[in-house]
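2 protein chains.
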Amino acid sequence: MPIPASLQNLIDALRVLPGVGPKSAARMAFHLVQRDQVGASDLAHALENALGTLKHCRHCNTFTEADTCDICLDEQRNHAQLCVIEMPTDLMSIEQTRSYEGLYFVLMGRLSPLDGIGPHDIALKQLLERASDGQVTEVILATNFTTEGEATAHYVAEMLRARGLKVSRIARGLPVGGELEHVDPGTLAQALIERRGL
Amino acid sequence: MPIPASLQNLIDALRVLPGVGPKSAARMAFHLVQRDQVGASDLAHALENALGTLKHCRHCNTFTEADTCDICLDEQRNHAQLCVIEMPTDLMSIEQTRSYEGLYFVLMGRLSPLDGIGPHDIALKQLLERASDGQVTEVILATNFTTEGEATAHYVAEMLRARGLKVSRIARGLPVGGELEHVDPGTLAQALIERRGL
Ligand SMILES: [Zn+2]
Ligand SMILES: [Zn+2]
Numbered sequence: 001m002p003i004p005a006s007l008q009n010l011i012d013a014l015r016v017l018p019g020v021g022p023k024s025a026a027r028m029a030f031h032l033v034q035r036d037q038v039g040a041s042d043l044a045h046a047l048e049n050a051l052g053t054l055k056h057c058r059h060c061n062t063f064t065e066a067d068t069c070d071i072c073l074d075e076q077r078n079h080a081q082l083c084v085i086e087m088p089t090d091l092m093s094i095e096q097t098r099s100y101e102g103l104y105f106v107l108m109g110r111l112s113p114l115d116g117i118g119p120h121d122i123a124l125k126q127l128l129e130r131a132s133d134g135q136v137t138e139v140i141l142a143t144n145f146t147t148e149g150e151a152t153a154h155y156v157a158e159m160l161r162a163r164g165l166k167v168s169r170i171a172r173g174l175p176v177g178g179e180l181e182h183v184d185p186g187t188l189a190q191a192l193i194e195r196r197g198l
Numbered sequence: 001m002p003i004p005a006s007l008q009n010l011i012d013a014l015r016v017l018p019g020v021g022p023k024s025a026a027r028m029a030f031h032l033v034q035r036d037q038v039g040a041s042d043l044a045h046a047l048e049n050a051l052g053t054l055k056h057c058r059h060c061n062t063f064t065e066a067d068t069c070d071i072c073l074d075e076q077r078n079h080a081q082l083c084v085i086e087m088p089t090d091l092m093s094i095e096q097t098r099s100y101e102g103l104y105f106v107l108m109g110r111l112s113p114l115d116g117i118g119p120h121d122i123a124l125k126q127l128l129e130r131a132s133d134g135q136v137t138e139v140i141l142a143t144n145f146t147t148e149g150e151a152t153a154h155y156v157a158e159m160l161r162a163r164g165l166k167v168s169r170i171a172r173g174l175p176v177g178g179e180l181e182h183v184d185p186g187t188l189a190q191a192l193i194e195r196r197g198l
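Sequence lines, in order, name chains A and B.
Using full-length UniProt numbering, the first residue of the first sequence is number 1, and each one after it goes up by one.
Using full-length UniProt numbering, the first residue of the second sequence is number 1, and each one after it goes up by one.
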């Protein structure tokens, strides 16, 4: 079948979605035009609306539609704690635990020299200003335990300690309910090294 | 995290994609706004462009951007054969075999009484007109071998035979290279019943 150009363009455009290869992009495109044109139109509008209305909170840099997000505006939260994360999705993960009452700062990325992402490419300058507001007494680093996340945590820790701020790192170890037999050797080794006195 | 409304709308809108549940819709939405806003914008435009430019070929009912699709315009093809299929994707599947040189007719659906889809909801009237053009001598039914596809083939066969047209059905049986040990019992039973004289 000679695929019409606009349909081929749609197949190509769907490849931006994570985990969507050529075959599922084609399946999605045909589904949209064959069976759900209303849904396809809604999706186009939702994309444009999200791109048009989402901006970054002036305090914590996460996505919001206002100047300041609801978390930063919440007087009930602990404004002395600032948890530094890579992405808004990480903020969601932590909020779901209902175990943290402080504020956040979203870097919108991580240091990754191999990808050409250096200190000026993520919101480190903004973090430094934010953490120096006089209210923050502890900065908790919750970047990922990947090579890049670790390098970012290290860099941020140095930067903030140089300003006299107290910095901590979230713990690494076995998952709750984790069995030694089933955890990967690297995590187990790290859990031994980072053992806590009882 | 209180998810901004426009982001939640995007997550909901992504659910129209086949195989995309709530979790992967959220992952896709965050990926688009966090990491690929250009791709997200391209996708929105590709959707609108496809919806705006795709129409149905006046002869075969498949998707095209012109009044008549390239296949129907192709003088090299056999205009005496008309292959009836459910969807444009089925047309693609057959074209990929490079084993059919006739023309097509796309029903854009199948009879499905349980879903309230009756003879007036798919392009049966248009098929009857198309098959009665005086050039078509054989109509090949290539609807799926599902309950609905079989019912549709039966209905179409009756309709066209009543007009004196020659109607055939694509064969059902073991796949090429298929082993009896690995084929499902229903297919094997049908292959026995529909055995061909040698
Ligand atoms: Zn905020
Ligand atoms: Zn056509």
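Calculated from the structure, these hints are not laboratory results.
Cβ coordinates follow ideal geometry from the N, Cα and C atoms, glycine included.
Careful, some of the hints might be misleading.
The list that follows gives simulated cross-link-like pairs (lysine to aspartate or glutamate, EDC-like), each with its CA atoms no further than 16 Å apart [stated by the list, open to error]:
| no. | chain 1 | residue 1 | chain 2 | residue 2 |
| --- | --- | --- | --- | --- |
| 1 | A | Lys55 | B | Asp133 |
| 2 | B | Lys166 | B | Glu194 |
| 3 | B | Lys55 | A | Asp36 |
Estimated spans, in silico, between C-beta atoms of each pair [as the list claims (entries may be wrong)]:
| no. | chain 1 | residue 1 | chain 2 | residue 2 | range |
| --- | --- | --- | --- | --- | --- |
| 4 | B | Ser99 | A | Glu181 | 35 to 41 Å |
| 5 | B | Thr147 | A | Ala191 | 51 to 57 Å |
| 6 | B | Ser99 | A | Gly52 | 44 to 50 Å |
Here are some chain B residues pointing at chain A (derived, C-beta under 7 Å) [unchecked claim]:
| no. | residue |
| --- | --- |
| 7 | Pro18 |
| 8 | Gly21 |
| 9 | Asp42 |
Status of each hint after checking the structure:
no.: 1; hint: Lys55/A to Asp133/B; result: violated (59 Å)
no.: 2; hint: Lys166/B to Glu194/B; result: violated (20 Å)
no.: 3; hint: Lys55/B to Asp36/A; result: holds (14 Å)
no.: 4; hint: Ser99/B to Glu181/A: 35 to 41 Å; result: violated (54 Å)
no.: 5; hint: Thr147/B to Ala191/A: 51 to 57 Å; result: holds (55 Å)
no.: 6; hint: Ser99/B to Gly52/A: 44 to 50 Å; result: holds (49 Å)
no.: 7; hint: Pro18; result: holds (5 Å)
no.: 8; hint: Gly21; result: violated (12 Å)
no.: 9; hint: Asp42; result: holds (5 Å)
This entry does not satisfy hints 1, 2, 4, 8, going by the numbered hints stated previously.
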